[in-house]
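Read top to bottom, the protein sequences are chains A and B.
Heads up: the first sequence runs through residues 1 to 310, numbered per this note's numbering.
Heads up: the second sequence runs through residues 1001 to 1426, numbered per this note's numbering.
Everything labelled a hint here was simulated from the structure, so no lab data went into it.
Note that CB positions come from ideal geometry on N, CA and C, so glycine has one too.
Hints are not guaranteed to be accurate.
Chain B stretches covered by chain A per the calculated footprint, using a threshold of three residues with CB under 8 Å from any CB of chain A [what the hints assert, rightly or not]: (1) 1002-1012; (2) 1153-1165.
Heads up, simulated DSSO-like pairs for lysine-lysine below, C-alpha to C-alpha not over 27 Å straight-line [stated by the list, open to error]: (3) B:Lys-1121 to B:Lys-1143; (4) A:Lys-88 to B:Lys-1416; (5) B:Lys-1079 to B:Lys-1018; (6) B:Lys-1143 to A:Lys-17; (7) A:Lys-10 to B:Lys-1118; (8) A:Lys-88 to B:Lys-1222; (9) B:Lys-1411 to A:Lys-90; (10) A:Lys-112 to B:Lys-1222; (11) B:Lys-1161 to A:Lys-87; (12) B:Lys-1118 to A:Lys-74; (13) A:Lys-128 to B:Lys-1079; (14) B:Lys-1143 to A:Lys-152; (15) B:Lys-1118 to A:Lys-135.
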Amino acid sequence: MEILRIENVKKYFTSQKAVDDISLSVHQGSIFGLLGPNGAGKTTLIRMITGIFFPDEGRIFFDGRKFNVREDVKKIGYMPEERGLYKKMKIGEQALYLARLKGLSRSEALNKTKKWFEKFEMQSWWNKKVEDLSKGMSQKLQFVTTVLHEPKLIILDEPFSGLDPVNTNLIKDEIFRLAHEGATVIFSTHRMEQVEEICDHIILVNKGKKILDGNVQEIKKQFKENLFSVGVDRPFSDASDYLPFRIMGQKNGKQVIQILDGKTPNDVLQYLIQRGFEIHSFQELLPSLNDIFIKLVEGTSPSRAFEQLN
Amino acid sequence: MQKILLIIQREYLSRVRKKTFIIGTLLFPVLYLLLVFGAGFIAERSKTHLTVAIADETGLLNDSLIKRYNLLDPSSTFKLVRVAGPDTFNYSREGYDAFIHIAKLDWERVTENPLTMKTRKSYGINTQELIEAKLNSIWDEIKNIKHGIDPGLISILAGNKIQLKTLNETDRQQDSRIANAIGLIAGLLMYLVILVYGSMVMMGIMEEKTNRIAEVIVSSVKPFEMMLGKILGIGLVALTQFILWIVFIFLIYNLSSVFGKSADSSVTQIVGSVQEVFSGINIPLILFCFLFYFIGGFFFYASIYGAIGSAINEDIREAQTLSFPVTMLVVLSILVMTAAVNDPSSPLAVWASIIPFSSPIVMMARIPYGVPGTVPWWQLIASMVALVACFVITTWIAAKIYRTGILMYGKKVTWKEMLRWAFRND
């Protein structure tokens, strides 16, 4: 079942087409990666999903119905890229306040805040102020305030920036758990290794347009270049005759080869066995999302030039 | 609605609980009292008692005359001395603080040149004036005797003067001086509230923006609710402060009237005059108008300050540049107010009390003079309607600026740009 469907959404600002006709669909319980270079329109898209902006054109459906900002924002938790908390406010009160703004009653908010503070070992922070916290600590707090009201849709913009590995894992596990319990997570980031690890489905946005949409494994297959890493007992240079593959180089003591068009891995293996090579390993090398990302957005100026709109 | 209440609650409590609020609220009346009483006290203390040696060569002064005036005016002690050379007379060694030499002249020519009082130290102008006044009293008596006027007759003539006071029949106002004082205080308080709490709204919004909490909040509530909650919350803080001050005044007034009976006569005098003040003016009307103009004026200016706060980035100088014209309007109002309080029916005062940007301050200076005598009903109603209409408009405009500004980073904003946001169709 899909929790969020966006149809042909557009948002133009005076100086640029921030979001230019994007459609997407997010399934409940999935972890959805929203990728794109700086200035691609990710934040604008997220702001439309969180009801901060209204789209100029297009429609948004939330939980099967037309997006109703007043009601549906209670079911959304949003953690912006630039973290924001009241510096001078006590941490416990702050968590309560933000939860109550999402429509929780006082006692509900109090129960849930306590539960989460316990889980993240933050009980001793209750009467401290945000200005007393380190960057990583306030990040944890920000995450707690985002998910405290048990939103159906959690939008996290760069949730791991500034976190140490221990806390990164803590939050990562929490994201998996929340998704497992039925919450949907939209995860916006530049860190591709995290996307590969966490996301089921991704879209890639560039210059306000969607340029890639699909399951992570499928996308990788789609962009594969028939590269394999082969572990053999002696270098290929010994074999001088006709090859069913091209030698690309070496990596970690293994040969990297590209199988030629019309040939299969079996052809390669047969060839190697016939030539008396002893094969220790044979593995397909799928492109990393990072490679795909760079390949697709290469040539885009780092910060989008301001286009003149009519 | 519930969310606005929540925001108001946070804005209110986070400020009222602050130490600075509590200290400020307590300190202001204390400082005010210190200022009022302290100034009087210091002025009293700064008059130094001098022992003045007078060498009189005209023979007009004599010991019994001097002694009588020393008793009459004990602020200084005069003493007649005989000296060989007035220029070489060492008065400080003889135990005097000052020395005045009156040269040998015909009595009518004594006043041709100023007399010189020689001193070793500098004394305040107050001291000099007191000694001058004492000398003149003595001189008056000498003149009267020389002209053959009976001193008894003089005192009769001096006491017999016409006194004038105005009775405004429509308002049954007792004393325009009291209205003047109340008008001045009310206008100044209004000025204080608008500047202090208006810029508090601006700084609060700016803080939310630079803290990036704004984006978190607007994903839960509408920007308009967020702005309104802030303005209302801070407005309530200002109101709380006022109510506390009124309570303080009431307490001080009651305490002083209890202690006043046994204590200082000056305190009883003040209590008496306060009682007189309150019986002479229409307190419910003044309080109602104060509340009305407080709310109207605060909304009018706070929404403008709020819009500015949403448009600026971390740079405090940017805030000053953008808020300067607004602050100038407030300062201009206070200038008009000081004129209006002395001439509450002048055209300047009338118009400034109707035009919304100055009406909260200027009208409050006029109202104590009386409604409908000094301020006709039509003026009061026109002023109130204009103010309400204007604060609705400024709040609406501010909300539109706020909505764009609060999520706009890194761009230096001008008034022109802000107005474009306000009148953009979307």
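Okay, the hints, checked on the actual structure:
For the stretch 1002-1012 of chain B, the stated coverage by chain A holds: 4 residues have a C-beta nearer than 8 Å to a C-beta of that chain, and at least 3 were required. For the stretch 1153-1165 of chain B, the proposed coverage by chain A is not satisfied: 0 residues have a C-beta within less than 8 Å of a C-beta in that chain, short of the threshold of three. With a C-alpha separation of about 32 Å, the suggested pairing of Lys-1121 of chain B with Lys-1143 of chain B is violated against the 27 Å cut-off. Our distance criterion of 27 Å between C-alpha atoms is broken by Lys-88 of chain A and Lys-1416 of chain B, whose separation comes to about 34 Å.
A hinted pair counts as satisfied when its Cα atoms are at most 27 Å apart, and Lys-1079 of chain B with Lys-1018 of chain B does not qualify at roughly 61 Å. For the proposed pair Lys-1143 of chain B and Lys-17 of chain A, the alpha carbon gap of about 96 Å is over 27 Å, so the pair is violated. A hinted pair counts as satisfied when its Cα atoms are at most 27 Å apart, and Lys-10 of chain A with Lys-1118 of chain B does not qualify at roughly 90 Å. Restraint check for Lys-88 of chain A and Lys-1222 of chain B: satisfied, since their Cα atoms lie roughly 23 Å apart, inside the 27 Å limit.
Between Lys-1411 of chain B and Lys-90 of chain A, the direct Cα distance comes to roughly 31 Å. Violation of the 27 Å bound is thereby established for this hinted pair. This hinted pair checks out: Lys-112 of chain A and Lys-1222 of chain B have alpha carbons roughly 24 Å apart, not beyond 27 Å. For a cut-off of 27 Å, the pair hint linking Lys-1161 of chain B to Lys-87 of chain A is broken: about 68 Å separates their Cα positions. Restraint check: the Cα-Cα separation between Lys-1118 of chain B and Lys-74 of chain A comes to about 85 Å, which exceeds 27 Å; the hinted pair is violated.
Under the criterion of a C-alpha separation no larger than 27 Å, the hint pairing Lys-128 of chain A with Lys-1079 of chain B is inconsistent with the structure, at around 73 Å. Among the hinted pairs, Lys-1143 of chain B with Lys-152 of chain A is inconsistent with the structure: their alpha-carbon atoms are about 102 Å apart, more than 27 Å. Distance restraint check for Lys-1118 of chain B and Lys-135 of chain A: the Cα-Cα separation of roughly 73 Å exceeds the 27 Å cut-off, and the hinted pair is therefore not satisfied.
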